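K.L.:
Spelled out from the first residue to the last, the chains are:
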Amino acid sequence: MAGRLSRGVVLAIYAAIIAIPLFVVFFGSFKTTAEIFENSFAPPTSLNLSNYSEVLTGGNLGVAFLNSAIITVSSVTITLFIGSLAAYGVSRIPGWKGWLIFGFIVLGMSVPAQANMIPQFVQFNQLGLLNSQLGLILINIVVTLPVSVFIMGGFMRTLPHELYEAADIDGSGPWRTYWSIAMPLSAPSIAATATFLFVMHWNELLYPLLFISTEDKLTLPLALLRFQGEYLTNYPLLFAGVVLSSIPIVIAYVFLQRYFVAGMTSGAVKG
Amino acid sequence: MSETTAIVTRDAPRRRAKRSSRHVSPLLYLFPIPALVLYTVFFVIPTLQTFQYSVTNWDGYSPEFDYVGIDNFVRAIAGDALFTNALGNNMRFMVVVVIGQTAVALIMAILLVKNTKTTIFLRALYFFPTILSSVSVGFIWKFVYDPNFGVINSSLDALGMPGLKSSFLGDPAQAIYWLAVTQIWFHAGMMIVIFVAGLQAIPAEFYEAAEVDGAGPWRRFTSITWPLIAPAMSIVVAYTTIQSFKAFDVVLSISGNPPSASLDILSTRIYSTFANSQFGYAATQSVLFIIFILVITFVIRRFLRLVQRGE
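Top line first, the protein sequences correspond to chains A and B.
Note that my numbering has the first sequence beginning at 1, numbered continuously upward.
Note that my numbering has the second sequence beginning at 272, numbered continuously upward.
If you're looking for bench data, these hints aren't it; they were derived computationally from the structure.
No experiment lies behind these values; they were computed from the predicted model shown.
From the three backbone atoms N, C-alpha and C, an ideal C-beta is built for every residue, glycine too.
Incorrect hints may have been included.
[Said to hold, decoys possible] Using 20 Å as the maximum straight-line C-alpha spacing, the simulated SDA-like pairs for lysine to any residue come out as follows:
1. A/Lys97 with B/Val295
2. B/Lys517 with A/Gly108
3. A/Lys97 with B/Ser296
4. B/Lys388 with B/Phe399
5. B/Lys385 with A/Ser110
6. B/Lys385 with A/Leu11
7. B/Lys436 with A/Val111
8. A/Lys97 with B/Phe399
9. B/Lys517 with A/Pro112
10. B/Lys388 with A/Ala19
11. B/Lys385 with B/Pro529
12. B/Lys385 with B/Gly371
13. B/Lys388 with A/Arg258
14. B/Lys388 with A/Val111
15. B/Lys517 with A/Val111
16. B/Lys385 with B/Val295
17. B/Lys385 with B/Ala395
18. B/Lys517 with B/Pro529
19. B/Lys385 with A/Phe65
20. B/Lys385 with B/Ile473
21. B/Lys385 with A/Leu5
22. B/Lys385 with A/Gly8
23. A/Lys97 with B/Val308
24. B/Lys388 with A/Lys217
25. A/Lys217 with A/Leu5
26. B/Lys385 with A/Ile13
27. B/Lys517 with A/Ile13
28. B/Lys517 with A/Thr265
29. B/Lys385 with B/Trp497
30. B/Lys388 with A/Leu11
31. A/Lys97 with B/Val315
32. B/Lys517 with A/Ala12
33. B/Lys517 with B/Gly371
34. B/Lys385 with A/Lys217
35. B/Lys517 with B/Trp497
[Stated by the list, open to error] Some residues of chain B that are not near chain A, with every Cβ distance over 12 Å (derived):
36. Leu299
37. Val312
38. Gly331
39. Val345
40. Ala349
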């Protein structure tokens, strides 16, 4: 009995540690600075949306929201396509050759961004891809290909080869087999990869910081970071920005929670 | 290769079966090509170029630069207080995060191992911060730590314990540890999930048998849980170590750009050097960064192997 009670207390305390900062920020996004400073825990007295309208019009956040949406959707889609092609190829190429290609790509997971960001900057500068959405999409794809091939390729390797052989006998070419057999059967790993990539790209900060310098090309995390410099202690505006930028990912999390956990942890568990 | 030969000479029918399954359309080799081209051109080659830049004094823009050999490396290790300060902060941060995050995650996972409505909800809640952007996490915790109005100090006032109030990130002696707390809040949820999976893989019969034999909770933990959680432990410790050593976004968003000296870690130092147009020297710091990661990974692997063997 005492054990159960103390278990409940520990779980409640940790739940409070996780939840209280989130509630304070959510409540704060509807308050004025004075109200926050008076009592940061109290719920807002009215549903005051002026902070939201101010960040959307004043801080480039509207443009950044659109930029982030375009970049995230494009990056996720293209990475899934190119990554699943590679994953399918390496899971069917027999013997050491398949493993070699798989290993070569997957090795990239252990390379930290600091190891190649400087030459990448130089390269993108020479190609005229700085300050462009195309540049950010390209770097997103490149950086997350290794982990995508790791998750999807690892899954496709567990599919029974008899399926492919049966398709071959029925006269299906590799492309048809990829599209009609490998892809549908790999749906769980593709969903997990998609949610993982979505979180990564939506929240990406380093590459926009390196590549983007003009106001019209800001992504959400970068716009928020700039924002902090401008309104150093204007907490209500900062909070509205935090809530606004988190909405898509929170909605997705509520509905696709299982895939989020699967994707993030399979992305985490790497050699 | 020799193994394959041995099999085929021993068993002719099997050889035919093997060959038919091994004969695949050459078109399959086309499938990885888009990924291989992009990955090689924009990832592998830049990684190798970092090593080349690291022995130059290139500023990143001018067409001319000199190869300066190991000068940059000597400078970073022996003559750059900013770099050694960042390294020291990085090590302190890493140690606190690895110990704190692993402990928090293991305790919470043990309490949440059974699948009930409540535990599933709590695991989802604890995981939630992981999906937020680091900039959001930075803002949230900036306010938690705000010395005048922040969540912690105003709670301490309300509880009648103003003596415990702190300036948190404003105190250079403590700042890096408060940053570690934020990092743990941010990422512990993922480690809880990994530990829960590891714990759920332990057969319930082990605990039942131990209980029948009269083992108490502590004995059951040390004799069953701890040794059998070793694989999950290896994953969590290795991943947390690398992740905390590579931390970047959360520092920049909580501390601002560039971060204060008390919060500057290696990744932010490399970024600052790069932003200062010292491309060559920043590349040198990157190479050292990679070497540190390799050494740390090696040490951790060794350590975990020793721990597992010690059981």
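K.L.:
Taking the hints in turn, state whether each one holds.
P.N.:
To see whether the hints hold, each was checked on the structure:
no. : hint                   : verdict
1   : A/Lys97 with B/Val295  : 12 Å, holds
2   : B/Lys517 with A/Gly108 : 15 Å, holds
3   : A/Lys97 with B/Ser296  : 14 Å, holds
4   : B/Lys388 with B/Phe399 : 17 Å, holds
5   : B/Lys385 with A/Ser110 : 33 Å, violated
6   : B/Lys385 with A/Leu11  : 14 Å, holds
7   : B/Lys436 with A/Val111 : 41 Å, violated
8   : A/Lys97 with B/Phe399  : 40 Å, violated
9   : B/Lys517 with A/Pro112 : 7 Å, holds
10  : B/Lys388 with A/Ala19  : 18 Å, holds
11  : B/Lys385 with B/Pro529 : 45 Å, violated
12  : B/Lys385 with B/Gly371 : 23 Å, violated
13  : B/Lys388 with A/Arg258 : 15 Å, holds
14  : B/Lys388 with A/Val111 : 39 Å, violated
15  : B/Lys517 with A/Val111 : 10 Å, holds
16  : B/Lys385 with B/Val295 : 46 Å, violated
17  : B/Lys385 with B/Ala395 : 14 Å, holds
18  : B/Lys517 with B/Pro529 : 16 Å, holds
19  : B/Lys385 with A/Phe65  : 40 Å, violated
20  : B/Lys385 with B/Ile473 : 12 Å, holds
21  : B/Lys385 with A/Leu5   : 16 Å, holds
22  : B/Lys385 with A/Gly8   : 14 Å, holds
23  : A/Lys97 with B/Val308  : 17 Å, holds
24  : B/Lys388 with A/Lys217 : 44 Å, violated
25  : A/Lys217 with A/Leu5   : 53 Å, violated
26  : B/Lys385 with A/Ile13  : 19 Å, holds
27  : B/Lys517 with A/Ile13  : 29 Å, violated
28  : B/Lys517 with A/Thr265 : 18 Å, holds
29  : B/Lys385 with B/Trp497 : 17 Å, holds
30  : B/Lys388 with A/Leu11  : 14 Å, holds
31  : A/Lys97 with B/Val315  : 19 Å, holds
32  : B/Lys517 with A/Ala12  : 31 Å, violated
33  : B/Lys517 with B/Gly371 : 17 Å, holds
34  : B/Lys385 with A/Lys217 : 47 Å, violated
35  : B/Lys517 with B/Trp497 : 28 Å, violated
36  : Leu299                 : 5 Å, violated
37  : Val312                 : 8 Å, violated
38  : Gly331                 : 7 Å, violated
39  : Val345                 : 20 Å, holds
40  : Ala349                 : 21 Å, holds
Hint compliance for this structure: hints 5, 7, 8, 11, 12, 14, 16, 19, 24, 25, 27, 32, 34, 35, 36, 37, 38 are broken, all remaining hints hold.
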